[in-house]
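Protein sequence lines correspond, in order, to chains A and B. Counting with the working numbering, you get residues 1 to 220 for the letters of the first sequence. Counting with the working numbering, you get residues 1 to 416 for the letters of the second sequence.
Hints should not be assumed to be uniformly reliable.
Far from chain A, some chain B residues (derived; all Cβ distances over 12 Å) [stated by the list, open to error]:
| id | residue |
| --- | --- |
| 1 | 13 |
| 2 | 43 |
| 3 | 52 |
| 4 | 166 |
| 5 | 196 |
| 6 | 206 |
| 7 | 340 |
As a list, the in silico DSS-like pairs of lysine-lysine whose alpha-carbon atoms are at most 25 Å apart [claimed, not checked]:
| id | chain 1 | residue 1 | chain 2 | residue 2 |
| --- | --- | --- | --- | --- |
| 8 | A | 114 | A | 42 |
| 9 | B | 325 | B | 53 |
| 10 | A | 114 | B | 336 |
| 11 | A | 13 | A | 114 |
| 12 | B | 393 | A | 114 |
| 13 | B | 393 | A | 135 |
| 14 | B | 336 | A | 119 |
| 15 | B | 256 | A | 45 |
Coverage of chain B stretches by chain A, computed from C-beta distances (three or more under 8 Å per stretch; other residues unrestricted) [as the list claims (entries may be wrong)]:
| id | stretch |
| --- | --- |
| 16 | 98 to 111 |
| 17 | 210 to 224 |
| 18 | 295 to 307 |
| 19 | 380 to 390 |
It is worth saying that the hints were derived from the structure and are not from the lab. Glycine included, each C-beta is placed from N, C-alpha and C at the ideal position.
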Amino acid sequence: MDKNSNIDIINNKLTKFNLAFLNNEQNLILQINQAELINVCKILKTDSDLDYSMLIDVCAVDYLTYGEADWTTNDATNSGYSRAVKQTIIPEADETFTNRFAVFYQLLSLSYNKRLTLKVFTTESNPPSVPSINKIWNSANWFEREAFDLMGIHFKGHPDLRRILTDYGFIGHPFRKDFPTNGNLEVVYDEDEERVIYQPVSISTRPSVPKVIRDKNDRK
Amino acid sequence: MTESNLTLNFGPQHPAAHGVLRLIMELDGEVVKNLDPHIGLLHRGTEKLAEIKPYNHSIGYMDRMDYVSMMCCEHPYVLAIENLLDITPPRRAQYIRVMFDEITRLMNHLLWLGCHGLDIGAMALFLYCFREREDLYDCYEAVSGARMHATYYRPGGVYRDLPEQMPKYQANRYISEKKVKRLNYNREGSLLDFIEDFTDRFPSLVDEYETLLTDNRIWKQRTVDIGVVTPERAKDLGFTGPMLRGSGVEWDLRRKQPYEVYEELDFLIPIGLNGDCYDRYLVRVEEMRQSNNIIQQCIQWLRDNPGPVIIDDNRYASPKRSDMKHDMESLIYHFKLFTEGYSVPKGEVYSAIEHPKGEFGVFLMSDGANMPYRMKVRPPSFAHLAAIDEMSKGHMLADVVSIIGTLDIVFGEIDR
């Protein structure tokens with residue numbers, strides 16, 4: 001079976017739902033509505049023609065700085081390129097998260113030997129949320145906890161949504177694009193107090209290599 | 001009687017924890033009632049760091065994911081970049097990658113076997129396993145210069161061709177000429193000769209390990225019927241690799257979704273029947289024999305087919321040093337590649353390989369820049385460790401050690 005018929009099968013089985021197929025057929029991505037996630041997943045897992053019996057991975061993505069470069073070199077003139085890299089500015093995060101966070105689920109069908117990526121945008125409310133699919137695939141448990149910890153996405157209905165990778169008492173969600181790579185707090189030994197204390201970081205973020213976007217990619 | 005339950009802290013510094021695993025255990029006498037793993041003590045934010053570095057800079061970070069099977073961690077990352085760039089490495093590079101993937105599998109399984117045995121009380125095995133691992137580390141060193149963190153796979157191929165000479169021991173006041181001669185007996189030829197000598201010896205060495213364990217009464221008492229996982233549960237819990245095959249599901253990405261040159265190679269996929277620790281042990285031991293077989297096939301092919309090992313495209317691979325001396329273009333390409341890197345077309349891709357521990361995947365998202373917009377590693381051990389609570393419930397405290405061993409966890413990739 002080629003990937004084309006995969007799209008057809010999914011389309012036939014999920015006629016009731018809003019579907020959008022992204023990407024090429026090699027790495028098929030199915031974008032769905034977060035409100036319909038649970039129902040779509042149930043069908044994807046239980047339908048005998050689809051049989052996505054495994055959830056391999058859950059990945060949350062923050063689209064805040066998507067497509068923004070540190071250094072644009074497209075406006076080369078007679079005077080040459082701009083010399084300096086612009087200071088990496090962390091944009092003010094909006095309270096409504098319109099199209100900001102998405103969750104990618106990697107599904108695998110053992111019986112048909114097929115992969116499928118589901119893409120779901122979270123709700124726009126604060127905190128952003130999607131329904132938990134832990135009841136459908138139990139492997140979602142820790143992957144959703146990880147996405148909650150690092151990206152601050154609430155998985156509604158998750159039985160045990162605790163932080164998993166960061167330190168006890170950590171504040172913030174480090175993989176969000178408005179969280180500085182250097183972090184906010186550092187741990188030092190304070191000689192006066194004779195104990196280990198937290199204090200604001202003493203270094204500032206400085207790009208070692210500027211992020212450059214070359215859309216055309218036309219050097220051949 | 002919940003009043004009598006005892007809450008016990010295990011780790012994070014405990015020899016049987018295989019790294020920095022902290023378990024909060026609730027015990028009823030010696031029976032495990034509840035098990036809550038606390039992880040993240042080795043969290044370094046690798047995926048965040050990858051977002052501020054050109055693509056090639058992060059290959060070395062991938063070695064530090066699963067630090068006992070280094071090259072296998074580089075592999076899916078490099079595959080994902082190649083997929084987005086739409087480039088294919090030369091055949092010889094693919095064979096070299098497969099050979100080193102299998103060498104890495106041996107390294108991983110040898111460490112697993114030694115440590116798993118040590119946890120349960122088989123001390124001698126640990127020493128034997130590490131003796132063999134030493135030779136495999138020498139292969140890493142010969143090919144990349146580093147014994148562990150190789151950074152050998154590159155988008156478009158591998159860093160350099162297999163060396164024609166093996167590094168040799170040298171006599172000094174502590175090691176006599178006679179001993180050096182004995183140590184160097186298999187280092188006189190090329191790296192391929194050295195690996196071939198190893199693969200000739202290795203099956204009999206696996207036999208040695210098996211005489212120590214397979215029919216050993218204590219070994220069986222500690223592993224048979226411990227941590228049983230049914231095939232349905234294994235799929236539901238996201239198990240992959242030997243954990244899934246140990247439960248009797250025939251699933252191996254090398255066979256089912258072949259990458260590189262696996263479809264041309266002849267090997268068998270062992271599966272277990274009962275899904276207990278003993279079956280997973282048998283599966284992994286048989287995998288070592290099969291890997292040995294694959295390495296031998298690769299050696300043969302690599303001997304017969306010399307050729308380039310990285311694509312001839314200076315946008316992604318460095319030009320030759322000798323060219324840069326007289327060719328301006330090469331100098332420019334070199335400068336651009338090593339300062340800015342290459343821009344990768346927009347898109348999302350998920351690449352996975354059959355890592356020794358299971359399916360190791362990399363989800364890579366590019367917004368057209370010279371660094372990933374988002375990079376997510378899918379570590380096999382993460383899903384396996386998540387199931388430790390379910391596997392251990394109702395078992396004795398001592399069996400938790402067997403179960404941690406059989407999961408084959410490494411914290412570099414769990415915590416990332």
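Structure-based check of each hint:
Separation of residue 13(B) from chain A is adequate, the least Cβ-Cβ distance of about 16 Å exceeding the 12 Å criterion. Here residue 43(B) does not stay apart from chain A, with its beta-carbon only about 4 Å from theirs, under the 12 Å limit. Some Cβ of chain A comes within 12 Å of the Cβ of residue 52(B); the nearest lies about 6 Å off, and the non-interface call is violated. Under the 12 Å C-beta cut-off, the non-interface status given to residue 166(B) relative to chain A holds; the minimum distance is some 37 Å.
Every beta carbon of chain A lies more than 12 Å from that of residue 196(B), the smallest distance being close to 34 Å; the non-interface claim holds. Here residue 206(B) stays apart from chain A, with its beta-carbon at least about 29 Å from theirs, past the 12 Å limit. With a minimum CB-CB distance of about 6 Å to chain A, residue 340(B) fails to clear the 12 Å threshold, and the non-interface call is violated. This hinted pair checks out: residue 114(A) and residue 42(A) have alpha carbons roughly 17 Å apart, not beyond 25 Å.
For the hint pairing residue 325(B) with residue 53(B), the CA-to-CA distance comes to about 28 Å; that exceeds 25 Å, so the pair is violated. Under the criterion of a C-alpha separation no larger than 25 Å, the hint pairing residue 114(A) with residue 336(B) is inconsistent with the structure, at around 39 Å. For the proposed pair residue 13(A) and residue 114(A), the alpha carbon gap of about 16 Å is at most 25 Å, so the pair holds. Restraint check for residue 393(B) and residue 114(A): not satisfied, since their Cα atoms lie roughly 33 Å apart, outside the 25 Å limit.
This hinted pair checks out: residue 393(B) and residue 135(A) have alpha carbons roughly 20 Å apart, not beyond 25 Å. A distance of roughly 35 Å separates the Cα atoms of residue 336(B) and residue 119(A); the hinted pair therefore is violated under the 25 Å criterion. At roughly 20 Å between alpha-carbon atoms, residue 256(B) and residue 45(A) fall within 25 Å of each other, so this suggested pair holds. Given as covered by chain A, the stretch 98 to 111 of chain B fails the check, having 0 residues with a CB less than 8 Å from a CB of that chain where 3 are the minimum.
Check on the stretch 210 to 224 of chain B: 0 of its residues sit with their Cβ under 8 Å from a Cβ of chain A, so the three-residue criterion for coverage is violated. For the stretch 295 to 307 of chain B, the proposed coverage by chain A is not satisfied: 0 residues have a C-beta within less than 8 Å of a C-beta in that chain, short of the threshold of three. For the stretch 380 to 390 of chain B, the stated coverage by chain A is satisfied: 4 residues place a CB nearer than 8 Å to a CB of that chain, which reaches the threshold of 3.
Violation of the numbered hints given earlier is confined to hints 2, 3, 7, 9, 10, 12, 14, 16, 17 and 18; the remaining hints are satisfied by the structure.
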